[in-house]
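Engineer: Listed below are the residues making up each chain.
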Amino acid sequence: MGDVVGVVRDHKNVIQTTGGTIASIGLEQAGKKVAGVLVTPATWAVNYAVEGSTPGAVDIGIWLSGLISAPASIVTGFIKAAVDDDINRKLALVQAKEPHPMAQYIKACYNFGMASPAINAMTIANSGGTAWITSVGLWVYITDAKGQLVGDYQPQEFVTMYRPKHPYRATSTGGFAWEVIRR
Amino acid sequence: MNKKIYWIPAVALILLSCSAKKDGETEAAVQNDFDVFCQQFTQVTQSADFAQLSSEERALRLESRLAGELEPNANAYIAWSAIRNGPPSERYALYKDAAASAGQKNWDCPAVQQYGHEVGSPHD
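Protein sequence lines correspond, in order, to chains F and B.
For what it's worth, our numbering labels the leading residue of the first sequence as 1, then goes sequentially.
For what it's worth, our numbering labels the leading residue of the second sequence as 184, then goes sequentially.
It should be emphasised that the hints constitute simulated quantities derived from the structure, not laboratory data.
Each residue gets a CB set at the ideal place from its N, CA and C atoms; glycine is no exception.
It is possible that some hints are incorrect.
[Unchecked claim] Below, a list of computed lysine-lysine pairs in the DSBU-like style, where the Cα atoms sit at most 30 Å apart: (1) B:279 / F:165; (2) F:107 / F:90; (3) F:90 / B:288; (4) B:288 / F:146; (5) F:80 / B:288; (6) F:97 / F:107; (7) F:165 / F:80; (8) F:90 / B:279; (9) F:107 / B:288; (10) F:146 / B:279.
[Said to hold, decoys possible] Some chain B residues close to chain F (C-beta under 7 Å, calculated; not the full set): (11) 255; (12) 265; (13) 269; (14) 280; (15) 287; (16) 289.
Just need the whole structure built from these sequences, with the hints factored in.
Structural biologist: Here it is as structure tokens:
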């Protein structure tokens, strides 16, 4: 029992790093992914500030092994978290300006495909949907409740909008002839 | 012990710099996508029978060239697939926007500027 207590005391940072991971999940669910990523090193800083304790060799070893074994995923994860936070914040602003029943079906073009949001927006119009960019600088599109693209939605606020040209006409490539509307 | 801690930011910085190089390589690959598109577009416009072809026939010819030169998930290829059905008068601006959104703010292509509205689906 005494050994267990000693291990816990000596490697408190490891224990708190685990707790930090759990805390980071909570933060990510709250839409604060950047904060979540930063939790692990932050626990060390708090311990130092409050108790003057520094992370032990085991703590650093575990943290470093994760850093060395998966540097790309860490960097990518950090950047993606920052991007996701920014997109979620802007998407909420866009949705707030649209009628309530439809607002929940507005999504960011960032997640539509593998290309850039602007190119995804073009692909959406070509596929029969409406995509637009607002003054907050976020490309978005809208679906119905079943997830199907909506071709004739008129957003309340937009800077540029792509949508199928009316009357709808399928092209030889399977896409729709589409138009650009600038305000 | 404290000296060992200094290695943490040092290692992190080295890894970040390696990551930055990879980002640069990705950007170069993206630039290449749109440059390849411009090159193929230009060659189509320089073909002897270009003037006799309809805009859809020109698009088909360009499509067959691009399919052999670009990956299906390349930004330039995805952009082309959509813009060919976009409004003819807007196509050049759309290609420029697409390139800029993929990291190529200074991309330009004289052939696309001159003939972009004549390659793709007609909107009549």
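Engineer: Is residue 90 of chain F within 30 Å of residue 288 of chain B, Cα to Cα?
Structural biologist: 23 Å, holds
Engineer: Would the hint on residue 287 of chain B stand, with a C-beta cut-off of 7 Å toward chain F?
Structural biologist: Hint on residue 287 of chain B: violated, closest Cβ of chain F at ~10 Å, above 7 Å.
Engineer: Would the pair residue 288 of chain B and residue 146 of chain F pass a check requiring their Cα atoms to be no farther apart than 30 Å?
Structural biologist: 37 Å, violated
Engineer: Identify whether the interface hint at residue 269 of chain B stands, where standing means a beta carbon of chain F within less than 7 Å of its own.
Structural biologist: 6 Å, holds
Engineer: With the threshold set at 30 Å, check whether the alpha-carbon distance from residue 146 of chain F to residue 279 of chain B stays at or below it.
Structural biologist: 34 Å, violated
Engineer: For the pair supplied as a hint, residue 107 of chain F and residue 90 of chain F, is the alpha-carbon distance within the 30 Å limit?
Structural biologist: 11 Å, holds
Engineer: Measuring from the C-beta of residue 265 of chain B to each C-beta in chain F, is the shortest one below 7 Å?
Structural biologist: 4 Å, holds
Engineer: Classify the hint on residue 255 of chain B as holds or violated, based on whether any CB of chain F lies nearer than 7 Å to its CB.
Structural biologist: 10 Å, violated
Engineer: Taken at face value, is the distance from the CA of residue 80 of chain F to the CA of residue 165 of chain F at most 30 Å?
Structural biologist: Given that 30 Å is the threshold and the Cα spacing comes to 35 Å, the pair is violated.
Engineer: What's the verdict on residue 97 of chain F and residue 107 of chain F, does the C-alpha distance respect the 30 Å limit or exceed it?
Structural biologist: Holds, at about 14 Å.
Engineer: Between the alpha carbons of residue 80 of chain F and residue 288 of chain B, is the straight-line distance 30 Å or under?
Structural biologist: Within the cut-off at roughly 22 Å; holds.
Engineer: Given a cut of 7 Å on the nearest C-beta pair, is the interface hint for residue 289 of chain B held or broken against chain F?
Structural biologist: 16 Å, violated
Of the hints listed earlier, those the structure fails to meet are numbers 4, 7, 10, 11, 15, 16, in rising order.
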